[in-house]
Amino acid sequence: MNILNKAKRVKLLIMDVDGVLTDGRIILDDRGRELKFFDVKDGHGITLAHRAGLPTAIISGRNSKVVNIRARELGIKIVYQNSLDKLKSYESILKKTGLKDEDVAFIGDDLIDIPLLKKVGFSIAVADALSYVKDTADMVTEKKGGRGAVREAIEFILDAKGLWKKIYREFVRNWADF
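Okay, so the sequence shown: first residue is 1 according to the numbering used here, each after it adds one.
Read the hints as simulated data drawn from the structure, not as lab findings. Hints may be right or wrong, so weigh each one.
If you anchor each label on the Cβ, the simulated ranges turn out as follows [claimed, not checked]: (1) Lys165 x Lys41: 16 to 22 Å; (2) Glu170 x Asp30: 42 to 48 Å; (3) Leu4 x Glu73: 30 to 36 Å; (4) Thr97 x Arg51: 18 to 24 Å; (5) Lys119 x Asn174: 33 to 39 Å; (6) Val66 x Arg173: 33 to 39 Å.
Here the structure is a predicted model, which means the values were calculated and not measured. Glycine included, C-beta positions come from ideal geometry on N, C-alpha and C.
Taking the hints into account, I'd like the entire structure generated from these sequences.
This is the structure we're talking about:
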């Protein structure tokens, strides 16, 4: 099956965080507080996905308060952190949602993501992912992690589903009304 057909079937997009929603850098201040940089384009893409009826979820190998805050801001309701066995978290998501492997897309960047990339119906690697990860993925974004890769993947999925132009036109029309 080609990637357009795989993308067309997607009913849930699951994302890694470090290296996907962020550029992978973690900043610790002198009090041990963690800072991460998120790209507003990715955040807006997630908002547009939700508006189009495509829910999103997070499975991260690390645990961070910052991720919970960002997920809440963006309306991401399914968040698994400190998940060293991402397949276990994924199986829990499938059980809760009733979805099948072919209904799910996952975007990752590192070795820990490979088992999940092999399991989902549509697998995506960011441009600066490890070569092993890129070799596993159905699609490799042109944008790097934390630099619009998630937005690119969302636009691709929504376009494959025939939803992108509608969302775009709706957004532009609403913006013009201001």
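Each hint tested on the structure:
For the pair Lys165 and Lys41, the beta carbons lie near 19 Å from each other, so the given range of 16 to 22 Å is met. Judged by the Cβ atoms, the range 42 to 48 Å given for Glu170 and Asp30 holds: they are separated by roughly 46 Å. Leu4 and Glu73 have their C-beta atoms about 31 Å apart, which keeps the hinted 30 to 36 Å range intact. Taking the beta carbon of each, Thr97 and Arg51 are about 19 Å apart, inside 18 to 24 Å as hinted.
Evaluation of the 33 to 39 Å hint for Lys119 and Asn174 yields a pass: the beta carbon distance comes to about 38 Å. With their beta carbons about 34 Å apart, Val66 and Arg173 fall inside the hinted range of 33 to 39 Å.
Violated hints: none; the structure is consistent with every hint.
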